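> Protein chains in written order, with numbering that gives the first Met the number 0: chain A, 0 to 560; chain B, 0 to 275; chain C, 0 to 317.
Calculated directly from the structure, the hints in this document are not laboratory data.
These figures come from a predicted structure and were not determined experimentally.
It cannot be assumed that every hint is accurate.
Said to hold, decoys possible - Per label pair, the in silico range of CB-to-CB distance:
1) Q253/A with F179/B: 43 to 53 Å
2) K237/A with I8/B: 37 to 47 Å
3) I117/C with H158/A: 30 to 40 Å
4) G66/A with I6/B: 21 to 31 Å
5) V308/C with T243/A: 28 to 38 Å
6) P175/C with G66/A: 50 to 60 Å
7) K436/A with F179/B: 47 to 57 Å
C-beta: ideal position from N, C-alpha, C; glycine also.
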Amino acid sequence: MADTLLDVRDLKIEATVYPPGEHPRKITIVDGVSLTLEKGRVLGLIGESGAGKSTIGLSSMAFGRGGVRITGGRVILNGRDILKAGRNGIRKLRGREVCYVAQSAAAAFNPAQRLMDQVVEAALKHGVANRAEAEKRAKALFRKLSLPDPDNIGKRYPHQVSGGQLQRVMTAMALCSEPDLIVFDEPTTALDVTTQIDVLAAIKDAIRDTGVAALYITHDLAVVAQVADDIVVLRHGKMVEKGTTYEIIKEPKQAYTQALVSVHHIGHEEKQPTTKPVLSVKNVTAGYGHGIVKVLKNVSVDIHPGQTLAVVGESGSGKSTLARAITGLLPPLQGEVIFEGRKLSNRLSERTKDDLRQLQMIYQMADVAMNPRQTVGTIIGRPLEFYFGMRGKQRDARVAELLDKIEMGKGFIDRYPAELSGGQKQRVCIARSLAAKPKLIVCDEVTSALDPLVAHGILELLLELQKEENVAYLFITHDLATVKSIADSIAVMYRGEVVRYGARTKVLTPPFDDYTDLLLSSVPEMEIGWLEKAIASARWRVRETNAVGWTRTRNSRFRPH
Amino acid sequence: MLDIKRIPIPALIGIVLTTLFVLAAIFAPLIAPHGNGEIVGDVWEPMSAAHWLGTDNLGRDLLSRMIYGARITLFIAVLATALSFSLGAILGFSAAVFGGWFDTLLSRLVDLLMSIPTLIMALVVLSVLPTNLVTLILVMGILDSTRVYRLSRAVAVDINVMDYVEAAKLRGEGEAWIIFREILPNALSPLVSELGLRFIYAVLFLSTLSFLGLGVQPPDADWGGMVKENKDGIVFGIAAALIPAAAIAALAISVNLVADWVLNRTTDIKGGRGNG
Amino acid sequence: MSFIVKLVAQRMALGILLLFAVSVLIFAGTQILPGDIAQAILGQSATPESLANLREQLGLNDPAYIRYFHWLGGVLTGDLGTAMSSGQDIATSIKGRLWNTLFLAFWAAVVAVPLAIILGLIAVRYRNGWVDKLISGLALASTSFPEFFIGYVLVYFFAVKWQIFPGISTVYDGMPFGERIQAIALPATALTLVVLAHMMRMTRAAILNVMQSAYVETAELKGLSAFNVIRKHAFPNAIAPIINVVMLNLAYLIVGVVVVEVIFVYPGMGQYLVDHVTKRDVPVVQAVGLIFAAVYISLNIIADIAAIVANPRLRHPK
Numbered sequence: 000m001a002d003t004l005l006d007v008r009d010l011k012i013e014a015t016v017y018p019p020g021e022h023p024r025k026i027t028i029v030d031g032v033s034l035t036l037e038k039g040r041v042l043g044l045i046g047e048s049g050a051g052k053s054t055i056g057l058s059s060m061a062f063g064r065g066g067v068r069i070t071g072g073r074v075i076l077n078g079r080d081i082l083k084a085g086r087n088g089i090r091k092l093r094g095r096e097v098c099y100v101a102q103s104a105a106a107a108f109n110p111a112q113r114l115m116d117q118v119v120e121a122a123l124k125h126g127v128a129n130r131a132e133a134e135k136r137a138k139a140l141f142r143k144l145s146l147p148d149p150d151n152i153g154k155r156y157p158h159q160v161s162g163g164q165l166q167r168v169m170t171a172m173a174l175c176s177e178p179d180l181i182v183f184d185e186p187t188t189a190l191d192v193t194t195q196i197d198v199l200a201a202i203k204d205a206i207r208d209t210g211v212a213a214l215y216i217t218h219d220l221a222v223v224a225q226v227a228d229d230i231v232v233l234r235h236g237k238m239v240e241k242g243t244t245y246e247i248i249k250e251p252k253q254a255y256t257q258a259l260v261s262v263h264h265i266g267h268e269e270k271q272p273t274t275k276p277v278l279s280v281k282n283v284t285a286g287y288g289h290g291i292v293k294v295l296k297n298v299s300v301d302i303h304p305g306q307t308l309a310v311v312g313e314s315g316s317g318k319s320t321l322a323r324a325i326t327g328l329l330p331p332l333q334g335e336v337i338f339e340g341r342k343l344s345n346r347l348s349e350r351t352k353d354d355l356r357q358l359q360m361i362y363q364m365a366d367v368a369m370n371p372r373q374t375v376g377t378i379i380g381r382p383l384e385f386y387f388g389m390r391g392k393q394r395d396a397r398v399a400e401l402l403d404k405i406e407m408g409k410g411f412i413d414r415y416p417a418e419l420s421g422g423q424k425q426r427v428c429i430a431r432s433l434a435a436k437p438k439l440i441v442c443d444e445v446t447s448a449l450d451p452l453v454a455h456g457i458l459e460l461l462l463e464l465q466k467e468e469n470v471a472y473l474f475i476t477h478d479l480a481t482v483k484s485i486a487d488s489i490a491v492m493y494r495g496e497v498v499r500y501g502a503r504t505k506v507l508t509p510p511f512d513d514y515t516d517l518l519l520s521s522v523p524e525m526e527i528g529w530l531e532k533a534i535a536s537a538r539w540r541v542r543e544t545n546a547v548g549w550t551r552t553r554n555s556r557f558r559p560h
Numbered sequence: 000m001l002d003i004k005r006i007p008i009p010a011l012i013g014i015v016l017t018t019l020f021v022l023a024a025i026f027a028p029l030i031a032p033h034g035n036g037e038i039v040g041d042v043w044e045p046m047s048a049a050h051w052l053g054t055d056n057l058g059r060d061l062l063s064r065m066i067y068g069a070r071i072t073l074f075i076a077v078l079a080t081a082l083s084f085s086l087g088a089i090l091g092f093s094a095a096v097f098g099g100w101f102d103t104l105l106s107r108l109v110d111l112l113m114s115i116p117t118l119i120m121a122l123v124v125l126s127v128l129p130t131n132l133v134t135l136i137l138v139m140g141i142l143d144s145t146r147v148y149r150l151s152r153a154v155a156v157d158i159n160v161m162d163y164v165e166a167a168k169l170r171g172e173g174e175a176w177i178i179f180r181e182i183l184p185n186a187l188s189p190l191v192s193e194l195g196l197r198f199i200y201a202v203l204f205l206s207t208l209s210f211l212g213l214g215v216q217p218p219d220a221d222w223g224g225m226v227k228e229n230k231d232g233i234v235f236g237i238a239a240a241l242i243p244a245a246a247i248a249a250l251a252i253s254v255n256l257v258a259d260w261v262l263n264r265t266t267d268i269k270g271g272r273g274n275g
Numbered sequence: 000m001s002f003i004v005k006l007v008a009q010r011m012a013l014g015i016l017l018l019f020a021v022s023v024l025i026f027a028g029t030q031i032l033p034g035d036i037a038q039a040i041l042g043q044s045a046t047p048e049s050l051a052n053l054r055e056q057l058g059l060n061d062p063a064y065i066r067y068f069h070w071l072g073g074v075l076t077g078d079l080g081t082a083m084s085s086g087q088d089i090a091t092s093i094k095g096r097l098w099n100t101l102f103l104a105f106w107a108a109v110v111a112v113p114l115a116i117i118l119g120l121i122a123v124r125y126r127n128g129w130v131d132k133l134i135s136g137l138a139l140a141s142t143s144f145p146e147f148f149i150g151y152v153l154v155y156f157f158a159v160k161w162q163i164f165p166g167i168s169t170v171y172d173g174m175p176f177g178e179r180i181q182a183i184a185l186p187a188t189a190l191t192l193v194v195l196a197h198m199m200r201m202t203r204a205a206i207l208n209v210m211q212s213a214y215v216e217t218a219e220l221k222g223l224s225a226f227n228v229i230r231k232h233a234f235p236n237a238i239a240p241i242i243n244v245v246m247l248n249l250a251y252l253i254v255g256v257v258v259v260e261v262i263f264v265y266p267g268m269g270q271y272l273v274d275h276v277t278k279r280d281v282p283v284v285q286a287v288g289l290i291f292a293a294v295y296i297s298l299n300i301i302a303d304i305a306a307i308v309a310n311p312r313l314r315h316p317k
């Protein structure tokens, strides 16, 4: 095709790993992937961690990160094989024909230089523009990407600018030398959901207005569906499927893609609240530094037996602090926690062994929630021994039974955590908390460190176990999609307060309060054109509310700085 | 469990040499051809069949002196390391687990002690303390325990905030379980390799003090003291002083090689991740 | 800008406080003997008169804290007291020696610092290659060598076998510069070797840390030449950690200098200190110990301040 920009053929990429105490060994990261990208189009690369998507993206700049080598295939950019371009040839195309936008802009900017110097650097180096022109162009790009104070933001240093803004500055930096192709490597993954939508919209507008082509790398299918024209699905370094965005979202052919698309659909009937909650949080205020910093302000929620209360909010909303207040790790300054009708001691050390047993916890990072020096058998067996005095055969039998429940089997009894996969680790943590036969389990972001399909499996397991054991969950998460699929009731938290609380359908049905509205409308849906609709309705709302005195950006009410 | 063929060559060399030194120290009276203080010939005789390493500044057999020197050097260094290690580790762990004023007080004191070079502080106190083995071991052990304290406190503080320790606290486990079953097994590998480094430091420190004439007193001599005894020969081209000096270096390197290997061998368990 | 001035001032105030605390510690260090210092110094055979005399001379009849303030007041006004063994004024005896020691340490640093940085850069450039392995092997070896091993090997070969440099570093007042340099060639080399390995290893780690950062990758992906990546992006961020490494190792040099001076019979502070420890001359040990500690602490404070000043987050606060 005449207007083919990038043509990757049968790409093979290897790396050498150095496991401590063992011989170095070669592993294949990308195995025979081919893809093409036409001028002005956006190709989404999607896959879970270890799929090789970033490595492919960087290969279009002939760059291998940390000992990665391109061992086979061709990367043809603008009609020539860049793998054969030589050192100078590669230097000429990097920052000129292809630019890169990293996941963490905060780390990708030189902390010792002003933003403007870094933004125009590539354009100056490649002689695209002189200093004055380049700065003028940069300011125009800052404006286009809706950065505040576009004429002066370039004078700041990276640490003086927020994460979402830095991500946009980095996009401006990529656009400044007018490249043919930009590689976006998970540019919104590290951002809060309400920030993500703005950055996403800014990137999409910028791509459309400048006509640049893009490789958009992400693990989030709903995000890529908003910006990409075509999608390539990758897994373990191999291509699973490729097609237009419509084909991938609406008519996936491969089982893996189908699973990815349907990942959020878990059938869960909402249960009605009972009259007797298993745990009530009443007017709890908590904080650090002897109450100087209040992270929780007058929070009250109920959790009903055998049901799930989802607590949702962005970073800094106080949701994890709520968990710490309930478990007694952070004694509340005011208010009380009522468990089965009686008040629990605020302090962990004053609670009875049986109170502790009834209230278990599962952590976000299963990796560090298990002692690496204990076997799975010890980890699951300890609560049995500690709470029920089980020993020997009886204990082993119960451990085996619990391993069955988490679909792992007793073959794992003698394994150490390091030998398990991420999903298996989280399952063992679930078994450990179930071993105590609790009434309530606090789940703190238990799926957010996992790949979507693995997370899906964990959620299904949790729901299954809830039915069998009649255990209640306090499910803390920032992920609204998860909330929608498993909660019976929902509490939305913002800056330490519960801003909306009630049964799931009620919370998710309009009329909304402002924050819940913003939060709900910011969660990407796996639907083409969702972004435009969301932004349009937000603009409409902002126009309307401007009359009542809101400032211009849609977030400003929630981020006053 | 431990396959000799899988031990890397440098570590193997380290293990063999260290073992030789230790054996020489333990069986000194059996191995040494002559007594420690026995004068067997002329001053600074060259190496010969009768005296493999020659004789020293008073005509004593240098090989025998070296073997007895190994005994004194290792004996003092082991005791000083044991003292610094137990003192530093116990205080460091307690500071991390109990926290509060106990932690603050100890940590500030250690900061203060560490703001003066160890050798200088040792010289200051040795200017008034009586010169004997007990003083030497106490001074070396206490001054060096500051480093062990810092490391064990840091390691324990790191582990103490791990989710698995929190999980144990939430379960209602007592302090004993938390220290001995959750924290200690995970603190062991950094501490073990530190043990090697502290031992090397003790050997070097003792040798330096003896070389300066403030350590082991004649007629006994550790290797550092032997360097001092024989150093005047150097200007006449007599290399006797270099032999104990080289022995100190060899011991330090061997222990270093072993410690390095132990650290590498244990990190794969500590930092290991599954492939999920 | 005032923010950073405040931080630096804070750090310096803290340093001065630390110096006072250290003076207490050094003073206390000479008082820890459970019995009587005078007895310990003179030994069992001392007569009651000589004991009483010494007590009077040391001011032992006053309580410890009075003696401390007396001593501190002297130090602050430049009066370091009188040496018991010779009756000479300590400040006068120290002057020439302090200068000798600084001269030696200065030339050792002049050689060691650039050499360590260059070797550190080479190790990073050929990382995991044989040059890097050789350099880190040598580093491991030299941290295991006692100072006197290095020193006497140098003497044995350079002074005795090949007779290039003197094995005993005699210096005197009014000595011509060239001769003086020749006299300190071997001790300066020994000192250099003592600190080189450690400084190089730390420099390597500091540079590697910067070279592996995401912003250096960004610079590479802009198509900048290797030289410009280093000049504009790596170097400005590596300078602070390198200054830090250099200062910490210069502080380490202070300890090395004590032993090296004894090896080469060099008339500096280190030898003066060791001599008087052997003679149990407490006033001299206190004075010299305090000077060593003060230099050590000052170098550490400079390292801290350099790190503060070089940090863009602190230089340009939000």
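> If a hint holds in the structure, say so; if it does not, say that too.
Here's how the hints hold up against the structure:
Between Q253/A and F179/B, the C-beta spacing of about 51 Å keeps the proposed range 43 to 53 Å intact. In this structure the supplied range 37 to 47 Å holds for K237/A paired with I8/B, their Cβ-Cβ distance being about 40 Å. A C-beta distance of roughly 32 Å is found between I117/C and H158/A, which places it inside the suggested range of 30 to 40 Å. Between G66/A and I6/B, the C-beta spacing of about 26 Å keeps the proposed range 21 to 31 Å intact.
Evaluation of the 28 to 38 Å hint for V308/C and T243/A yields a failure: the beta carbon distance comes to about 55 Å. The supplied range of 50 to 60 Å is met by P175/C and G66/A, whose beta-carbon atoms lie about 55 Å from each other. Between K436/A and F179/B the beta carbons are some 27 Å apart, a value that contradicts the proposed interval 47 to 57 Å.
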